[in-house]
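Chemist: Protein chains in written order, with my numbering: chain A, 1 to 343; chain B, 1 to 318.
Since the hints were derived computationally from the structure, they do not count as laboratory data. Beta carbons are placed, not taken as given, at the ideal position from N, Cα and C, and that holds for glycine. It cannot be assumed that every hint is accurate.
Claimed, not checked - In silico contact screen, one side only, chain A against chain B (beta carbon under 8 Å); selected entries:
hint, residue
1, N50
2, D52
3, A163
4, G166
5, N172
6, E174
7, T266
8, V311
9, L312
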Amino acid sequence: MREGGGSRKSRMTETVLRSSAPERRFSVDMRALSPFIALIVLMIAGALINPDFLTASNLLNVVTRSAFIAIIAVGATFVIAGGGLDLSVGSMAALTAGVMILTLNALGSADLGSLALGMLVAVGLGAACGLANGVIVTFGRIEPFIVTLGTMGIFRSLVIWLAAGGTISMRNMELRELYRPVYFGSIFGIPVPIIVFLTVAAIGALILYKTSFGRHVVALGSNEDVARYSGVPIWRVRTLTYVIQGICVGIAILVYVPRLGSATPTTGLLWELQAITAVVIGGTALRGGIGRVWGTVVGAIILELVANIMVLSDFVSEFLVGAVQGAIIIIAMLVQRSLQRGR
Amino acid sequence: MRRRTVLKLAVTAGLLAGVATGVSAQEKKNVTIGVSIPAATHGWTGGVVYHAQEAAKRLEQTYPGLKVVVKTSPDGASQANALEDLTAQNIDALVVLPFNSDELTGPVREVKRNGTFVTVVDRGLTDPAIQDIYVAGNNPEFGRVAGKYFVDNLKEGNVVVLRGIPTVIDEERVSNFEKALEGSGVKVIDKQYANWNRDDAFRVMQDYLAKHPKIDAVWASDDDMALGVLEAIRQAKRDDIKFVLGGAGMKEMVKRVMEGDKMIPANVSYPPAMIATAMNTTASQFYSNAPMRGTYVLDAELITKENAEEHYYPNSPF
Chain A
1 MREGGGSRKS RMTETVLRSS APERRFSVDM RALSPFIALI VLMIAGALIN
51 PDFLTASNLL NVVTRSAFIA IIAVGATFVI AGGGLDLSVG SMAALTAGVM
101 ILTLNALGSA DLGSLALGML VAVGLGAACG LANGVIVTFG RIEPFIVTLG
151 TMGIFRSLVI WLAAGGTISM RNMELRELYR PVYFGSIFGI PVPIIVFLTV
201 AAIGALILYK TSFGRHVVAL GSNEDVARYS GVPIWRVRTL TYVIQGICVG
251 IAILVYVPRL GSATPTTGLL WELQAITAVV IGGTALRGGI GRVWGTVVGA
301 IILELVANIM VLSDFVSEFL VGAVQGAIII IAMLVQRSLQ RGR
Chain B
1 MRRRTVLKLA VTAGLLAGVA TGVSAQEKKN VTIGVSIPAA THGWTGGVVY
51 HAQEAAKRLE QTYPGLKVVV KTSPDGASQA NALEDLTAQN IDALVVLPFN
101 SDELTGPVRE VKRNGTFVTV VDRGLTDPAI QDIYVAGNNP EFGRVAGKYF
151 VDNLKEGNVV VLRGIPTVID EERVSNFEKA LEGSGVKVID KQYANWNRDD
201 AFRVMQDYLA KHPKIDAVWA SDDDMALGVL EAIRQAKRDD IKFVLGGAGM
251 KEMVKRVMEG DKMIPANVSY PPAMIATAMN TTASQFYSNA PMRGTYVLDA
301 ELITKENAEE HYYPNSPF
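Chain B with its partners taken away, still in its complex shape:
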């Protein structure tokens, strides 16, 4: 009993001290930002983890007194636990890329209730009132940019589509891709789920090649899937396919765009580095006078040979 009270007192004292130094030394303000992201379970989240850690190092150097705690979680339930752990460390701000919207809205609201500044990344919460800043990629735009590329470069022909995992993200991308093709000579002759997975994409593409005697281009919609598609095309020795368009800007694929590979003439960005954007704006909230609250939607950019270099991160795992 007594020990616990002493501990509590110590914690309160420490807190007061923290606040006091924050006020007295303007240039060395103490702020802790907690970052909660999914563990690196596939290429894109691997990129998120990499960019979060890089940004944490960079921000701590830029702003003396800033502490950034990055926590990764393998699933939604453990992310909820991680949020509790972060709250226990008295964070001033939380940057969170939630596993899924429904499951994590409640836990993030709890964090907000303590007066913590909340930045949400990529997947929005079901209650947008919780967030102070929202940074997101643009999935409808991702599909639209890809569709426009096919209309501009193919003009007319047959296209097969590989879908990801059945999710809102995938649905937004594919429906807007098809909308962009409307009224043009480009026709989608087949679409199947390949789960953003190389092996599944290889399998589906082999079957497309057996089924359709003439395919003009492939929208693989993701770089992992594009790699499986390319192997299947190479095996079939078919030369009717003019190009394969992936997406998300994996470094190997961006490199091929840079080198002018004919089968991979372009890519569409959906940068995992958006976590760094979110962390930067959150830090600015504490260290600058500029207003930061709001929604930031990052463009899905068409990556071509001309601008590939600015999308190339050779050290990132993705």
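So here's chain A without its partners, still in its complex pose:
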């Protein structure tokens, strides 16, 4: 019922927002391309540093590893494009993973049914956590930075409490083996996590670029007042961006849990910063108003590639890895900016 009302209302505003769309699309063309160029430059650099870098197994490892951050960052693209921010995703991921494993342990049996139920719990809990963030931000009228900083602490403490400071591990080894291929398996030579994050990104891109909801998110991020006067249902749209973020965290956990089969109080530490970095590298404006789903995915891969190149290279001492990583990210952004200006 509410859905129908919303789309009717949005149809009214569609013309207003759509009129400027073609213009916008052309002006950001280079901006959309630049993360891909940065990716290619990094690949060349990696190949020069160590010939092992370009082996299929290494590249597949790296892209597979970037899946968690990539999936979470697709959700973050919605939140940030809508002018919000979510700092709680790392803790939320840890909590979701913990609860999912506890659910699987409670069910106990090694069959697809209990696995599916566990997965449902993970995605459902992610969505619920996102809804909580969204509702507090919109109806409480509190800065998202503060709200999600608060829930970050809450989710983290909850997982520490559930684990009693230790580790939550999958106890049923048969179930573990049954679930394992979701991270380690592949379909037609492509690892499953890569397929999952490409699918998530494709759906995300479809929602952000092709639906009225997506245009509302961008409108909300570029100017809240104008969006409100244009009839965008601000509260609902904003809350939904956080729900999407929560669902993405849930999906990321579906591929995270089969890898090590455990959640610890350090699971997902600093993932929020990595996700935000991936979003910004991808060309989404941190102040909102522009969202680039595919750029975000490339941003997540770039982050993981930089870390990989650091380990593969021999001329950076382990004490300085962080500094060089930081420098590479800044340089990559500078190159992107100069490309945009040069156009």
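Please arrange chain B on chain A, whose structure you already have, making use of the hints.
Modeler: Leaving out everything else, chain B in the frame of chain A:
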């Protein structure tokens, strides 16, 4: 105003009463020990919390009249507050595992100034004059024992090392590990930080496997990291790696040592139960005539199949 004075009087009276009973009834001496430890933010501190609570229960049973108050804090600043709260409860002794040495030296000195007996655990204060008892694990020994295991069992070959979080603890462990390898055929071909974290260790190990065609053994230096390393090796299906040595004695890993897992032939202890050692010696200070003041350095023991059972705590979260 008046109410406050009355309160103060009541408190003083209570205190006097406490002292009086302590003197009159020798076998039922009233002592309060405050225990301040980090909250369970990762596996090892989770173990510390567990063993502190177990020891508190046990000690209160052993010594009637003894009260043990355990307080956990999520960071250094809140631990400083917790110390003030404990002081307000008139503790006779404090057992503290400080978050970090610099930040908490001042607050612990304040507690000491009230005449409280102070026991410091694991991380030493910058001013050792404050402590009456110091109980510590042996980080240099932790590295040395691990290094010796590689020299004895591998004789020669290539080893990769996963470091923890850049701290003094990590530096002492790794530098002494390398010192123990000197002059042997065992060579460290790579070392990187993996932050005592499973996911980071998985990532670093995948990259090691891509970079080095032949690795003979892995020093994961920590059990959480060892678990990530094992998954990465299993995925790569490499059979050149003979074993992985972790450390700290996590129950899952000790169990595998006990069961004779070929990839996990041993472990090196760094027991979170050292908090219990500290609490026991502190209680003995009040309930026995034996001299207790001094420094206790616990051995980093090599855990093998033979002695694994005494290092296995199935109920501990760690």
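Chemist: None of the hints should be skipped; say for each whether it holds.
Modeler: Against the structure, the hints:
1. Evaluation of the N50/A hint against chain B yields a held restraint, the C-beta minimum of about 7 Å falling below 8 Å.
2. A cut of 8 Å between beta carbons decides the hint on D52/A: the least distance to chain B is about 5 Å, and the hint holds.
3. Of the supplied interface hints, the one on A163/A holds, with its beta-carbon coming within about 7 Å of a beta-carbon of chain B, less than 8 Å.
4. Here the hint on G166/A is kept, as its CB sits about 3 Å from the closest CB of chain B, short of 8 Å.
5. Restraint check, N172/A versus chain B: the minimum CB separation of about 15 Å is more than 8 Å; hint violated.
6. With 8 Å as the threshold, the beta carbon of E174/A stays out of range of chain B, its nearest partner Cβ sitting at about 17 Å, so the hint is violated.
7. Hint status for T266/A relative to chain B: holds, with the closest Cβ pair at about 5 Å, below 8 Å.
8. Checking V311/A against chain B by beta carbon gives a least distance of about 4 Å; that is within 8 Å, so the hint holds.
9. Evaluation of the L312/A hint against chain B yields a held restraint, the C-beta minimum of about 5 Å falling below 8 Å.
Of the numbered hints listed earlier, those contradicted by the structure are 5 and 6.
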